[in-house]
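Under our numbering, think of the first position of the sequence shown as 6, with each following residue one higher.
For the record, the hints were derived by calculation from the structure and aren't laboratory data.
By construction, the Cβ of each residue, glycine as well, lies at the ideal position given by its N, Cα and C atoms.
There's no promise every hint is true.
[As the list claims (entries may be wrong)] Cβ-Cβ distance ranges computed for the label pairs, FRET-style:
| hint | residue 1 | residue 2 | range |
| --- | --- | --- | --- |
| 1 | D76 | G7 | 18 to 26 angstroms |
| 2 | N207 | Q91 | 15 to 23 angstroms |
| 3 | D55 | K215 | 28 to 36 angstroms |
| 4 | K192 | Q69 | 32 to 40 angstroms |
| 5 | G22 | E194 | 38 to 46 angstroms |
| 6 | G112 | S59 | 27 to 35 angstroms |
[What the hints assert, rightly or not] Computed cross-link-like contacts, DSSO-like style, restricted to lysine-lysine with a CA-CA straight-line distance of at most 30 angstroms:
| hint | residue 1 | residue 2 |
| --- | --- | --- |
| 7 | K103 | K78 |
| 8 | K29 | K78 |
| 9 | K12 | K170 |
| 10 | K204 | K118 |
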Amino acid sequence: MGANVQKNLIYYIYYNGIINHYHKLNLQYLRKYWSVFDGQIVIKIAVDSDYDISYLIDLMPGYQFEVVKNDPKTGEGAHLIDSINQVSDGMTFYAHCKGVSRPLMDGLDTWVKHLYESNLGSVPVLGERIFSGTCAKILPCAPYVPQDFHYSGSFYWFNTNEVKKRIGLIEPDKYLTERFPAMIAKKDECFFNWPYSDKNVNFYLNETWKRL
């Protein structure tokens, strides 16, 4: 798969009725890199109740989106497969409003910035690979992510049609978006771009980023 393929977006936003720092930060970066995407766009806003989402829409000028019911047990995992089924061809970027349920953390701000800039500032050429992403942990992280690897933060590119061919019966859970790449592809079918680690490092901490 070359550089000039169609680029789709799947994006998930959890909204509890209050716009916070991480909604603003994530959507600021999404707007910055919006021109990357020239294919299908699937944006889902998950809510617990019938909130007024006008303030959130103001941060997404002109974006098409779908409002869905939040499932507190499965979170964004509940909507992953359905969203993938709404795109086709080319490559697709999966991302979400990172940290919107977290308190302010300097390390988290750095992590959010890196997730967008490293994945969208220079779009990877997948070639024969199935997935590409940054912040990978190349080891099992049981009990939540027992697979051989995952892209911590759940931001990654994938070969749309190849992934869709490989999807079988998958039961959603809260950690599905992190577990998903290793459920579909082997390590040698993926790119792991900087930073990546064979240790269970904590990207929420500023100390982690200072050591990288």
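Evaluation of the provided hints:
1. Take D76 and G7: their Cβ atoms lie about 38 angstroms apart, and the range 18 to 26 angstroms is violated.
2. Between N207 and Q91 the CB atoms are about 34 angstroms apart, so this pair departs from the stated range of 15 to 23 angstroms.
3. Taking the beta carbon of each, D55 and K215 are about 43 angstroms apart, not inside 28 to 36 angstroms as hinted.
4. For the pair K192 and Q69, the supplied restraint of 32 to 40 angstroms holds, since their beta-carbon distance comes to about 35 angstroms.
5. Take G22 and E194: their Cβ atoms lie about 41 angstroms apart, and the range 38 to 46 angstroms holds.
6. Separation of G112 from S59 is about 32 angstroms and conforms to the stated range, judged on CB atoms against 27 to 35 angstroms.
7. For the proposed pair K103 and K78, the alpha carbon gap of about 18 angstroms is at most 30 angstroms, so the pair holds.
8. Proximity of K29 to K78 is assessed by CA-CA distance (about 25 angstroms); at most 30 angstroms being required, the pair is judged to hold.
9. This hinted pair checks out: K12 and K170 have alpha carbons roughly 18 angstroms apart, not beyond 30 angstroms.
10. Under the criterion of a C-alpha separation no larger than 30 angstroms, the hint pairing K204 with K118 is consistent with the structure, at around 22 angstroms.
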